[in-house]
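Residue numbers (the numbering used here), protein chains in the order written: chain A, 1 to 345; chain B, 1 to 345.
If you are wondering where the hints come from, they were derived from the structure by calculation, not from laboratory data.
These numbers were taken from a predicted model, which means no experiment stands behind them.
Take the hints with a grain of salt, since some may be wrong.
As the list makes no split between identical chains, a pair holds if one copy fits it or if it spans any two.
[As the list claims (entries may be wrong)] The calculated lysine to any residue pairs, modelled on SDA-like cross-linking and capped at a C-alpha distance of 20 Å, are: (1) Lys47 / Glu335; (2) Lys57 / Tyr172; (3) Lys175 / Ile284; (4) Lys47 / Asn174; (5) Lys175 / Gln281; (6) Lys175 / Ile20; (7) Lys113 / Ala101; (8) Lys268 / Glu157; (9) Lys57 / Thr76; (10) Lys334 / His32; (11) Lys255 / Gly116; (12) Lys113 / Asp100; (13) Lys47 / Glu171; (14) Lys175 / Gln253; (15) Lys113 / Asn174; (16) Lys334 / Tyr150; (17) Lys175 / Glu31; (18) Lys175 / Gly116; (19) Lys54 / Pro103; (20) Lys334 / Ile20; (21) Lys268 / Pro103.
2 protein chains.
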Amino acid sequence: MNRNRKLSELSELYRESVLIELREIISESPEHLRGVLLYHMGWQNEKGAPSREKTGKFLRSSLCLLSCRAVGGDPTRILPAAATLELIHNFSLIHDDIQDASPERHGRPTVWKIWGQSQAINAGDVMFALAILSSLRLRENGISDEAVLYSFRLLSETCLELCEGQFLDIEYENKMGASIDNYLEMIRKKTAALIAASVSLGAYLGGGDGAKVVHLAQFGEKLGMAYQIHDDILGIWGSQEEMGKSARGDIQQRKKTLPVLYGLENSKGGDRLKLESLYSQGNIDAGDVLTVMNILADAGAKDYAHNLAGEYYEQALQHLYASEIDDESLVSLKEIVCFLMDRNY
Amino acid sequence: MNRNRKLSELSELYRESVLIELREIISESPEHLRGVLLYHMGWQNEKGAPSREKTGKFLRSSLCLLSCRAVGGDPTRILPAAATLELIHNFSLIHDDIQDASPERHGRPTVWKIWGQSQAINAGDVMFALAILSSLRLRENGISDEAVLYSFRLLSETCLELCEGQFLDIEYENKMGASIDNYLEMIRKKTAALIAASVSLGAYLGGGDGAKVVHLAQFGEKLGMAYQIHDDILGIWGSQEEMGKSARGDIQQRKKTLPVLYGLENSKGGDRLKLESLYSQGNIDAGDVLTVMNILADAGAKDYAHNLAGEYYEQALQHLYASEIDDESLVSLKEIVCFLMDRNY
Chain A
1 MNRNRKLSEL
11 SELYRESVLI
21 ELREIISESP
31 EHLRGVLLYH
41 MGWQNEKGAP
51 SREKTGKFLR
61 SSLCLLSCRA
71 VGGDPTRILP
81 AAATLELIHN
91 FSLIHDDIQD
101 ASPERHGRPT
111 VWKIWGQSQA
121 INAGDVMFAL
131 AILSSLRLRE
141 NGISDEAVLY
151 SFRLLSETCL
161 ELCEGQFLDI
171 EYENKMGASI
181 DNYLEMIRKK
191 TAALIAASVS
201 LGAYLGGGDG
211 AKVVHLAQFG
221 EKLGMAYQIH
231 DDILGIWGSQ
241 EEMGKSARGD
251 IQQRKKTLPV
261 LYGLENSKGG
271 DRLKLESLYS
281 QGNIDAGDVL
291 TVMNILADAG
301 AKDYAHNLAG
311 EYYEQALQHL
321 YASEIDDESL
331 VSLKEIVCFL
341 MDRNY
Chain B
1 MNRNRKLSEL
11 SELYRESVLI
21 ELREIISESP
31 EHLRGVLLYH
41 MGWQNEKGAP
51 SREKTGKFLR
61 SSLCLLSCRA
71 VGGDPTRILP
81 AAATLELIHN
91 FSLIHDDIQD
101 ASPERHGRPT
111 VWKIWGQSQA
121 INAGDVMFAL
131 AILSSLRLRE
141 NGISDEAVLY
151 SFRLLSETCL
161 ELCEGQFLDI
171 EYENKMGASI
181 DNYLEMIRKK
191 TAALIAASVS
201 LGAYLGGGDG
211 AKVVHLAQFG
221 EKLGMAYQIH
231 DDILGIWGSQ
241 EEMGKSARGD
251 IQQRKKTLPV
261 LYGLENSKGG
271 DRLKLESLYS
281 QGNIDAGDVL
291 TVMNILADAG
301 AKDYAHNLAG
311 EYYEQALQHL
321 YASEIDDESL
331 VSLKEIVCFL
341 MDRNY
């Protein structure tokens, strides 16, 4: 099993509808930047010829629509909200890739790599503005003005968390001394907040009662935590196929993800000094990558991260059960959880 | 007269109210990024100590509030919209400074210069998200949900224009062959669109009738065009005091502003070849700056730009008169126009 495995059939169905919605809203973007956005989404190559690359999983929009259905709402009415979530996610990816100097995403050159940093900043900003326009389309589907305004509040507050998480991530890259608690707070903002917002927005717009919305939001947050920790494990021990980018890239970029922080806190003697020295210096070369992997394995960092992800996974499921949604919705949402977590490492 | 001259008394009054509104909304930003925003606004130094630097003119918020008053509305009710306009303007300035690699703004190091490009991208993104939250505060002042949603549409469409203008600006910097028409379209999007939106949003939220709103929006657009062309003239022939940054900086950065495009199209023989060669190469040194200034002056580029700005200025005033607002409002808005245009060059 790997990341290219399909989501559940229901999610696949939704995915097509979200694609149509996204294409419509992106067609409203400025002509000069549209090609950049279509490239980023995998629907065009860099010269403007149509293509259909495997890019995102549409995780956030799927969660939003499934969650809407789970509380008895009609997912087709809230497609613009699902599209908004993907636009916000992709705005942050485009800016992320500049900030991390990542040359590739899903095996293709990143936007800044082709169009330069300045135009990539613009492309991300356009995605953000389109996210607002997309949410306004909810009105055409009969969603009340009050609910649309609620979604603006939820999404803008989530964006603030996202930016703060990103800020902390960059801060921690540049200095030693971040703790595991710091790290967990950072990923809660950087990754889990938008996933939680996706689930809770779907439940809210679907007309879910307060208790259901709260449990589903908690489900999303815990799922987001588990998901990010898994991603960090794969960033060190995953295969290239699973990551869609260079395996072990996180080590070469000296990313201080959970296993590394655990290793820095728990490795002993010479191992610890070696690890500290490697993560303080400018570059980690290919030979050092193996050294880091061995030190982390010896310190039990992989097991630790695996267990912590498992704990969040269990908490996510507990909230899902507590939300008392119907069985069919439960199965669909659990399928997404399994899809995200059931990867080899 | 220079840029530090005061706006009209009324604008100064409004400015204080907008400042309070902005401080409140920025206090809702994530703790870790708040210091960066407060620095950018001139209210803190880079170490976090309070300061009160002369930074922006608050042009957009002043226009919005004066325009609201001009149609008989109550400006104090729409302060959150005025703050939103400043937040959008400042989000774009923070990203602009990265894109232009500008080391200074208002005589102080730019955000990216202190915190690095990555954190400056985040700071701009946070400003954008705060702009949404700020607009939501209109509801607390009794502005209808429908009007708040209208302002989201207007502002997000304006942001798309702003990003497109920025895209074109960067494109034209990097290649020869942009025409004067290309340039005018670029500044209409990059500068005039947000100024037009400021005036029209104020008039709309103030309850102005359709014809008034349209004339006032046109007033804003023409004013924005005149303003940007003036800025371009000052970027070449202005004093350091007027610009708050290195005089002649636009030449050294090889910015192809209106006078340069006119010079490229209208200089003759050796002058033209010299100009083309300087604007195709990597750097323009201090000696070449004077050469460029002389060639442009000989080609009549300064007069041409001055006259074109004058034409837009006249058109702006015609729309202002046609809007048939009361005399007192007319005087206040004309004071802003004079403030912007009545500079030495």
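Each hint tested on the structure:
| no. | hint | verdict |
| --- | --- | --- |
| 1 | Lys47 / Glu335 | neither (37 Å within a copy, 49 Å between copies) |
| 2 | Lys57 / Tyr172 | neither (28 Å within a copy, 36 Å between copies) |
| 3 | Lys175 / Ile284 | within (16 Å within a copy, 38 Å between copies) |
| 4 | Lys47 / Asn174 | between (36 Å within a copy, 19 Å between copies) |
| 5 | Lys175 / Gln281 | within (11 Å within a copy, 39 Å between copies) |
| 6 | Lys175 / Ile20 | neither (43 Å within a copy, 36 Å between copies) |
| 7 | Lys113 / Ala101 | both (9 Å within a copy, 18 Å between copies) |
| 8 | Lys268 / Glu157 | neither (42 Å within a copy, 57 Å between copies) |
| 9 | Lys57 / Thr76 | within (19 Å within a copy, 46 Å between copies) |
| 10 | Lys334 / His32 | neither (41 Å within a copy, 35 Å between copies) |
| 11 | Lys255 / Gly116 | between (23 Å within a copy, 18 Å between copies) |
| 12 | Lys113 / Asp100 | both (12 Å within a copy, 18 Å between copies) |
| 13 | Lys47 / Glu171 | between (36 Å within a copy, 16 Å between copies) |
| 14 | Lys175 / Gln253 | within (13 Å within a copy, 34 Å between copies) |
| 15 | Lys113 / Asn174 | between (22 Å within a copy, 16 Å between copies) |
| 16 | Lys334 / Tyr150 | neither (27 Å within a copy, 39 Å between copies) |
| 17 | Lys175 / Glu31 | between (41 Å within a copy, 19 Å between copies) |
| 18 | Lys175 / Gly116 | between (27 Å within a copy, 14 Å between copies) |
| 19 | Lys54 / Pro103 | within (17 Å within a copy, 40 Å between copies) |
| 20 | Lys334 / Ile20 | neither (25 Å within a copy, 48 Å between copies) |
| 21 | Lys268 / Pro103 | neither (35 Å within a copy, 45 Å between copies) |
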